[in-house]
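J.: In case you want the letters, here they are:
Number of protein chains: 2
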Amino acid sequence: MISDKMKELVKNNSVIREMFEEGKALSKKYGQENVYDFSLGNPSIPVPEKVNDTIREILKNEDTLKVHGYMNNAGFEDVREKIAENINNKFDTKFSGENIVMCVGAASGINIILKSILNPSDEVITFAPYFMEYKNYINSYDGKLVEISPNTKDFQPRLDEFENKITKNTKAVIINTPNNPTGVIYSEETIKEICKILEKKQTEYEKEIFIISDEPYREIAYDNNEVPYITKYYNNTFVVYSYSKTLSIPGERIGYVVIPSEMDDSKNIITAITIANRIIGCVNAPSLMQRVLIECANEKVDLSMYDENRKLLYNELTNYGFECIKPQGAFYLFLKSPIENELEFCKKAKEYNILFVPGSSFACKGYVRIAYCVSNEMIKRALPAFKKLAENYINK
Amino acid sequence: MISDKMKELVKNNSVIREMFEEGKALSKKYGQENVYDFSLGNPSIPVPEKVNDTIREILKNEDTLKVHGYMNNAGFEDVREKIAENINNKFDTKFSGENIVMCVGAASGINIILKSILNPSDEVITFAPYFMEYKNYINSYDGKLVEISPNTKDFQPRLDEFENKITKNTKAVIINTPNNPTGVIYSEETIKEICKILEKKQTEYEKEIFIISDEPYREIAYDNNEVPYITKYYNNTFVVYSYSKTLSIPGERIGYVVIPSEMDDSKNIITAITIANRIIGCVNAPSLMQRVLIECANEKVDLSMYDENRKLLYNELTNYGFECIKPQGAFYLFLKSPIENELEFCKKAKEYNILFVPGSSFACKGYVRIAYCVSNEMIKRALPAFKKLAENYINK
Chain A
1 MISDKMKELV KNNSVIREMF EEGKALSKKY GQENVYDFSL GNPSIPVPEK
51 VNDTIREILK NEDTLKVHGY MNNAGFEDVR EKIAENINNK FDTKFSGENI
101 VMCVGAASGI NIILKSILNP SDEVITFAPY FMEYKNYINS YDGKLVEISP
151 NTKDFQPRLD EFENKITKNT KAVIINTPNN PTGVIYSEET IKEICKILEK
201 KQTEYEKEIF IISDEPYREI AYDNNEVPYI TKYYNNTFVV YSYSKTLSIP
251 GERIGYVVIP SEMDDSKNII TAITIANRII GCVNAPSLMQ RVLIECANEK
301 VDLSMYDENR KLLYNELTNY GFECIKPQGA FYLFLKSPIE NELEFCKKAK
351 EYNILFVPGS SFACKGYVRI AYCVSNEMIK RALPAFKKLA ENYINK
Chain B
1 MISDKMKELV KNNSVIREMF EEGKALSKKY GQENVYDFSL GNPSIPVPEK
51 VNDTIREILK NEDTLKVHGY MNNAGFEDVR EKIAENINNK FDTKFSGENI
101 VMCVGAASGI NIILKSILNP SDEVITFAPY FMEYKNYINS YDGKLVEISP
151 NTKDFQPRLD EFENKITKNT KAVIINTPNN PTGVIYSEET IKEICKILEK
201 KQTEYEKEIF IISDEPYREI AYDNNEVPYI TKYYNNTFVV YSYSKTLSIP
251 GERIGYVVIP SEMDDSKNII TAITIANRII GCVNAPSLMQ RVLIECANEK
301 VDLSMYDENR KLLYNELTNY GFECIKPQGA FYLFLKSPIE NELEFCKKAK
351 EYNILFVPGS SFACKGYVRI AYCVSNEMIK RALPAFKKLA ENYINK
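Residue numbers (the numbering used here), protein chains in the order written: chain A, 1 to 396; chain B, 1 to 396.
Only chain A is shown next, with the shape it has when bound in the complex:
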């Protein structure tokens, strides 16, 4: 009854549901405040008050048929102009509204790009560890995900392997920085190297290879770390952005795709992406939330709360003897499992009511992802449990 492509996903889902049920059972048994759930990437910093104020203003002052109505499938023109202006101010680029297509969150942005460019058996490269949903997106368009193995030294991409794995079938490379799950920001040097390799391969194979830069965490960078704006280094770059994390509104599904005019055949690609927005069924990004961006495109949540969590957790966990690269952005910490099989480590952690996601869910065994977009209080409550967990391995 179910399509072949979906069968496997439905089967795997029962495993996820089991984990979820287990978590609920723990909460029930020990009380919710005694269970330390670090498994979800769900923003915890309050939505900026300006977002809700802007909604109130819009309902008061604008024509509600327009506010809740259809517009061009690419989005409201004034919203797209505003966003282009905002990007230009921040990153010294030269986009206009024409270069922006509003979309239903970053997930949808990646989908409409892939639908627009992929033919069956085209290859899309990405660097492990990576967000596993990429595989499902690519599979939807009969593309093939090609994985570059993780460089566990500093989690910057392995460039030699990358260069070797580019073939005449390579259509795109997905880059995600600040990275989920490592929290690492790819350095400008890394980005330049990736672009140099791609330029060379484009010439060698006489075809375009796109970068798809998935940037939901762009604004979440700590210690004044810079996140390079990739269109400045490579013309055939799509940028996919979402306001989910920056404004703590992941349920609203609002983001955009940037298609630079410098991209080969950019006009037709903008048209294709706009049509894809329509025919994958999104039609357009939610209209009220688009209008909110006229005032709020430049707002962001108070990141100091994530930063405080980051420092606390990093310092304490390394104190206890765990190994971990210090996250520079996003709200994840990628901890090295003290034993080879991180699934066993996850199981052991559960004995201390600590929940996190195994690295194998990000194509990187031997690690676990700790999402610290939680309350600072929960982290403090969890620390003794982490300490005890550590003692199973470190002091032995």
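For the record, the hints were derived by calculation from the structure and aren't laboratory data.
Certain hints may be false.
It does not matter which identical chain is meant; a pair holds if it fits inside one copy or across any two.
Claimed, not checked - When the alpha-carbon atoms are kept at most 30 angstroms apart in a straight line, the in silico DSS-like pairs for lysine-lysine are as follows: (1) Lys-380 / Lys-326; (2) Lys-50 / Lys-60; (3) Lys-347 / Lys-267; (4) Lys-7 / Lys-232; (5) Lys-267 / Lys-326; (6) Lys-300 / Lys-29; (7) Lys-192 / Lys-66; (8) Lys-29 / Lys-66; (9) Lys-60 / Lys-168; (10) Lys-201 / Lys-24; (11) Lys-66 / Lys-350; (12) Lys-66 / Lys-50; (13) Lys-90 / Lys-29; (14) Lys-66 / Lys-82; (15) Lys-7 / Lys-144; (16) Lys-336 / Lys-207; (17) Lys-300 / Lys-66; (18) Lys-66 / Lys-24; (19) Lys-192 / Lys-300; (20) Lys-60 / Lys-82; (21) Lys-348 / Lys-11.
Using the hints, position chain B against chain A.
T.: Then chain B, alone, in the frame of chain A:
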């Protein structure tokens, strides 16, 4: 550069853009109030004030991290329960929240169903005239659209042809009633016949054949016409609903899919559709709009305005000598072109500054679609132009 599937669509798009530009040029030349644009299905009745009041209340009273946050990919549980209850009250059904998956409008609803059930070369039947986007949706999953030719007598489906075209590859039938573009409501008798044929074919081929009932116009029915609720006649029925028309909020992209428990393998199908929601990139229906439905699932716009337009236009156009079936629902009137080639008729209409969509865009040549979701004043201004247009054909 563009995927093969998208190439044709990008090419066709320039034709649509040309039409659009032509309309803009007419407005510029003659003034907007002298151009009579009946080409767009864009709701014109004000959004019920309760929708905006409810948004204000939610922002005031609910936790904004929840209001704008992630939830289960199927939607908020309380919203799904509320909607199930609402359907049960109206149609005497027995759904629970489990049978409802919230989605990003009806277009997205159809997509997540097709993604969940279609394998390459599966056939999906629909009755002409039909919304042409169905073809693109089905093509996305490598399915094949099988068209039943239009019955221009009363625009009820041709059941003999339908029965003959069901094969062992038939996976689903899309039904759209009240219908875009004809405004016809399929009678209970028609629905019963369709279901009877499908039951027989399910037995004959020993496989499931689904009905996908696309119902964005369900609530827009005039003269107390009943729109049969198809799950009551056939177990393997998906219902796809959207609030776009009922609440005049098409830009917000909010709707739901009903998967009855009586459907074969319903639990796995609900899971598949929920996962499809995630991996086509929607993730979930916009969260604030979901919460609005707790209060507004039963609201609707004041339909008397569309009804007034319907009667005025139908009476006058038939007075002028045009032929047309009286619409029973939706906000479209499907006029018979007085000449065989309706594209020529559209061209002639443009000389009188009247714009509508040729029937060939709905797989039904020789007709045109007039969308009367416009102001009553515009219709009144347009009538003399329609009269003059008629005189080209009728009195000759």
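J.: For each hint given before, does the structure comply? Return the numbers of the non-compliant ones in rising order.
T.: 5, 6, 7, 9, 10, 13 and 16
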